[in-house]
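Given the structure of chain A, go ahead and fit chains B, C and D onto it with the hints provided.
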Amino acid sequence: MEALYAEQFYFLGLIVLAPLLGAIINGLFGSKLPKRVVDWVACGAMAMSFAFALISVQALINNMTVSPDGERSWGMLTYTAYQWIFSGSLEAEIAFLLDPLSAVMVLVVTGVGLLIHIYSAGYMAEDESKWRYFAYLNLFAFAMLMLVLGKNMLVTFIGWEGVGVCSYLLIGFWFGDDEKAAAGQKAFLVNRVGDFCFILGMFLVFYTAGTWDYVALAEMSTTAATAATLLPIALPAGLLIFLGCTGKSAQIPLYVWLPDAMAGPTPVSALIHAATMVTAGVFLICRMNWLFTLDHRLMATIAIVGALTAFFAATIALVQTDIKRVLAYSTVSQLGFMFMAVGMGAFVAAIFHLMTHAFFKALLFLGAGSVIHGMHHEQDMRKMGGLRKLMPYTWATFLVATIAIAGVPFFSGFFSKDLILWGAISNAHVLTVDGAMGMITMEHFTSALVPAAAGGEALDIGRWAIVNWVVFLLGIMTAFLTAFYMFRCYFMTFHGECRADEETKAHIHESPPSMLVPLVVLAFLSFVGGYVGIPHFITTHMPEGPQFWSLLLENWLAEVFLVSDAYRVVGRFGASPYGLETLVAVVSIAIAGAGIGLAYLMYVKSPELPARVKERAGKLYDLLWNKYFVDEGYDTAFVRSTLKLGEVSYWFDRYIIAGLLVGGTAFMTKNFGQVLRHLQGGNVQRYATYILIGTVLILFAILGGATGS
Amino acid sequence: MSWEPTLAHYLILSAAVFTIGMVGVLVRRNAIILFMSIELMLNSVNLSFIAFARYRVDLDGHIFAFFIMAVAAAEAAVALAIVLHVFRHKRGIEVDEMQELKH
Amino acid sequence: MQLLSTLTTLGLLTPPEGAELVALVPGAIVTLVAVVFILLDVFHNKGTSREYQAYFAAIGLVLTAASCWYLWDMGLERPVFFGMLYLDRYSLFFSGLACASAALMILASPAFLRSHQMDRGEYYLLILISVAGMIFMVQAADLLTMFIAFEVMSIPLYVLASFLRKDSRSAEAGMKYFILGAFSAALMLYGIALIYGATGTTNLEYIRENLFFLSAAGASHGAFGMVMIGVLLILSGLAFKVAAFPFHIWAPDVYTGSPTPSVGFMATAVKVVGFATMIRVFSVAFPLEVLRGGFFGWGWIDVAFVFAIGSMLLGNLVAVTQDNVKRMLAYYGIAHAGYLSIGFVAANSHPSFFLHNDAILYSLTAYTVALVGAFGVLSYFGRRGEAVETYADLGQLGIKYPKMGMIMTICVLSLAGVPPTGGFLAKFYIFRTGVDVGVQTGEMAFIYMVIVGVIGSVIGAYYYLKVIVYMYMKPALREVRPLATKGKLWALGACAAATLYLGVFPAKPIDVCRSAIMSMSGVPAEVQATIDRGQMELDRRLQVDED
Amino acid sequence: MGVEPLFFWIFAIGAIVTSLSVVVVRNPLYCALALVVDFFFFAGLYVLLSAHFLAVVQVLVYGGAIMVLFLFIIMLLNLRGDELGQMRFQLHTALAITAGVVLFFIAGGAILSATAPMDGEPPVEGTLVVQDDGSEVRVQEVRTSIPGLYLALDEQTLEEKYLEQIASWERGTSRPSDGKYPRFNPERTFEVPPSMQFDPEAASVVPGRSGLYGTFQPISALLVNRFVVPFELTALLLLAAIIGAVIIAKRRVT
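Residue numbers (this note's numbering), protein chains in the order written: chain A, 1 to 709; chain B, 1 to 103; chain C, 1 to 547; chain D, 1 to 254.
There may be inaccurate statements among the hints.
Stated by the list, open to error - Straight-line distance between alpha carbons at most 25 angstroms, and here's what the computed SDA-like set of lysine to any residue pairs gives:
no.: 1; chain 1: A; residue 1: Lys32; chain 2: A; residue 2: Leu20
no.: 2; chain 1: A; residue 1: Lys32; chain 2: C; residue 2: Lys400
no.: 3; chain 1: C; residue 1: Lys403; chain 2: A; residue 2: Arg612
no.: 4; chain 1: D; residue 1: Lys250; chain 2: B; residue 2: Gly92
no.: 5; chain 1: C; residue 1: Lys46; chain 2: C; residue 2: Ala28
Bear in mind the hints are in silico, worked out from the structure with no lab data behind them.
With the rest of the complex left out, here is chain A (with noise of 0.2 angstroms):
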């Protein structure tokens, strides 16, 4: 892989630069310009970046080559803006790299993004302060774009921080709300936990690579001598970016902060907390997918936590009421989802399905936003219902995602799904192949190993298969679950008796033309986004030429994941298992009815039902009305305890060491019972006290070390 541009592609620095040009005029000048020039503005810079984000997705289509035997080659486009750091030994550029994979992310959070700023528009109308969010809303995009265009660790870092900025920033853009702020703090506050990780993983990657440019490194770690190098690094540096992911990305353990987050406004939970910030983490390991497949350890690690986090956050989302609490769980379970197809190797599946997510989800979310407005800020699925007729539009997209999500066949949902569960069963690393296992060498991949898979062998993967097992049925499951809980939260909100107060019933309006835009566009990407994507059991009975645009994102990105697909990662059930694909689609497919049919018959033909299986299942139900008190656990265990050895250490400095034992004058104190007031600090001769006995210990320390030297 070389970049085939050699001069400067400067497009990709305007895709990043409009953003922030928005954000500049809208944060410096907004509150002094009309209203109506913020929205031109902020929407503006959105629509240039989108376009040149399209231009330069063109100019990559046009950089194509295809090599003698076929293949089709996209290279990428660089542009390195400057150079940012330059001294001895640490150097780093402000570099942008557009290669297929990036290009995928620039356009849905290009495109995404335009369509969301586009409803903002309609939705904020009435805000006071609105410039003062388009102005976080395009500083985001700035940072989102940063993260997916960065050539190197650093910079991808860098929008990985200053998406987690802005996240916080717009959750709590409505102050004065405690719980807002609170919620956005916590965002923070868990991300940089995540983050800290991650920033430890680039330090471990630097000094094992000496490099944090992807190209470098990929080239790095697909030549069998240097991955060498890179291979005792893969599972600690893995695990350190994962846990940072996992942050981002609200999985298991750090997923706590989402559902919170929802706290924003509705637009800033569809652009943020559905369909791009937190698909960050799925793309970072996309991007670094050469490091995650040298340690199959590592990624089966990704798979099952993925898997869990999808089949536990669709079980809590089974109970929630809140409608926008159901999305945030169901987009924790479907981040788990795309983290499962990471895991078992599935790349273009993650990706694949990350983008539909972002078009359904976004739309479920606007969809539930335009509920909300409708409603006045109602967002209790139990108070609602009926909503069918009252907003034709908002119901009928609303519908055309929850399709889409579903699996149903013919929608986007479906495609990547059962690409991600096909995925999951037939996928194997080359290193858990039985046998191989402890005296695996480089050389021993290109000369046994990748030819037998390259020519079509079943490859034994002995114990390891219940890794595969395992996540394909928590997948199933949580294909099963997802239905479900999607038709409930569609059944609850559009059908059956309206169930708002007569108040509010009679105010229940349609959205204004500026909010279903965006909606009906959405609904047609969430038809049709799928169908880049067509599985290979139907591919292979097509003719050569649609061949190649049927499967047209996975060629597409076959030279990104050309490590992980070629070389690491073979099929377990050799050159033709596409009956046993066929088979796994008609089960998800029966999955799906069987869901979407509970849902039917729990939700609209007995409504008495869910009652019933309440009571049966008290216990279950509080266990997941309180979503298996894992809040309560992290506060207890992470927050409190935080602010308790704060105050732990604070009354240390003041009691202990500033106050020298107080804590005994307050023991003298029972004794002499004169000197209670002097529990409080403050007296500077304790604090000299203190600064001598600091200096006796130290020299105590120093002079004793140093008779033994």
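Quick look at chains B, C and D alone, frame taken from chain A:
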């Protein structure tokens, strides 16, 4: 230790006076006495310098001691101004009465 | 004629060459401005505003900084004035930084002082004298110059701390600062005395030479204890000035009680100069090969290690519990001393890491502009009796005063270490130093130190966010009347801009830091080798760049 | 053997006693008086250490200026016994005393080990060494474990060594490790100021004293010469102190 004073005698004497001054800073609550204790510390440092200088046959120590005296004078002036200032606020100069700033 | 002959005699008495007088230029300009300022103050029209005096002082400081810039290439490769001063880029860098901090804080002061009914010219005069002390302190090539300059720097600060005469808290702050400062200065002096006794000199380079001589003479065991006590007492005196654990104890009380603009000056310039002196004195005078000891066997590096870990833990954890913003910033200052100590420990643990000291220089720069900005904003709302001090007081200020809100946000984000501000890069750079040294030496202690630092900065995010949360998201408690002046607005804007500039275009500042550390005079021969290597590498790369 | 040891012990014990009374006595007035006496004892010790100039300065600056300032403040504030508070026992007091004593013992131990004779040799007094120019100089050859630091040095030897040192400056043969020369330019000769130039006639000008070491002549020469920068800085320091003291202590601000 002999009866005849040597370098060690002066230095130990200096260390002793330094310690006394230091303890004075730490335990005397009257700000003026506290500052006197600081003067004691500075003086004992001077003694060290001068003793070292003599037994090294070197005048640098004298110069240093001379400058320390100047510094001590400057510090004393500021210190007493601050005492006066505090006295106007608190009607007292006990340093442990000054505990408004804490925690 | 009589005068002429006197001058000739003086000329005989003072062998320094004319070129050496250049070393005095930055300090002399500040002193001259201070002297002229006294005259200015005498002719002041009673009852009128003294804002022009602030501008005068600020312009003087800017002139000084400009002279530093002008002298940048005029390094004298030897100590001047009989080994009393150095003139090198290293000292010019720190002089410039101290001037910048002072100038910005002076511009932020007039309205604050007027509202506290203490609109006195002496305030600016004291800052000027303090800056003069700082300039000589970073230039010092001799413990005597260092100590006198240390006092010239400190005594005005004691006065500034108790400058608000109507405020009993200010009086208390001054008293506490003075007692603790004088106490620790006395301890340091005793240390200098012991060093003088053991080596017979107070010149940094000769101290080093004589320490080697001592150890070669097989005298290390007899003299070791005395030297080591001396070194540690000097270290503790400097650590007191930079507010490092366990000598941090004065900082929170003093910061809370002192007038806010002068706190900005105390918290930044003093720390800058303290670290500058620490690096110079310890890397020049006290060779680690001779002064072994302690847990890791690295002598005083071990002590700095304790400073680093302790300051970061204590500063960050206690800052979380504060509700007074000034006090929180004080504890952050302690934590920051810890971060800087990471760099100090890592870069000075072996001669071959010496160039890593540039991380400290960069970090100090970023810290200075951000903290000056933060204190400036606090002083903007610091009307007497209605001062904004607690978090709750900040309510809604970001919305009502968008400019101040933005400046505060930028500065606070920088302090919390969020990209793309200078603070992020500073922390990053410091941590990288620690990791780099840890990896190269295989010593895990450095890595642990960095991990503590990173955890600390995660905690730091918590209390800094609180500032933003309150400024934008909490209701206002009461009406706030700001103390707006043009100069202040410009100064604070400059701080915010500089913070962003340091983060976004750091190449130039890092270059400056690097060439400052490369040209530090008096470095021992084994360090000089490292510097030469670095210089060669830099030249080569510049060559490659040009091709 | 002369009266010197006797004076030393008188001054030393006096210094410790008066220092202790500064710290222990309750009435600040008595403390201040004890401090004045203490300063005089110190001045005496300086004389014993041949630091005549500093002894004078000590009496003038400390005993004269600083103590007057202290007494003035004590009088001004008119502190009476009942305002002085009780000496209360506090835990930190005990800890402070302990820490102080510990520091004393650490420092004392270090000092004793540093000033111990090298290799435990007993002091040998009065070795006659023949110099290059044929003259004989009596030097004290016993040294501590620290090179350059003499265990004991009587007045006469001190003076001889000091004059020898000045002579070697004039000759330009002193070693760099004497710490007296700009290091990077060994060619440049050092002008010994006239006041410091070795003049046997001038050596006995100071009454009651035969030597040059520690008198105001060489010190003043050094002050305006090698130490000119710190000297000027001290001026700045005093300026700062004056302004600071005035601004804080002034009763009314206009």
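Hint by hint, here is what the structure shows:
Distance hint between A:Lys32 and A:Leu20 is fulfilled; the C-alpha atoms sit about 19 angstroms from each other, no more than 25 angstroms. At roughly 14 angstroms between alpha-carbon atoms, A:Lys32 and C:Lys400 fall within 25 angstroms of each other, so this suggested pair holds. Annotation: proposed proximity of C:Lys403 to A:Arg612 is violated, straight-line Cα distance about 58 angstroms (limit 25 angstroms). With a C-alpha separation of about 18 angstroms, the suggested pair D:Lys250 and B:Gly92 falls inside the 25 angstroms cut-off, and the hint holds.
Under the criterion of a C-alpha separation no larger than 25 angstroms, the hint pairing C:Lys46 with C:Ala28 is inconsistent with the structure, at around 29 angstroms.
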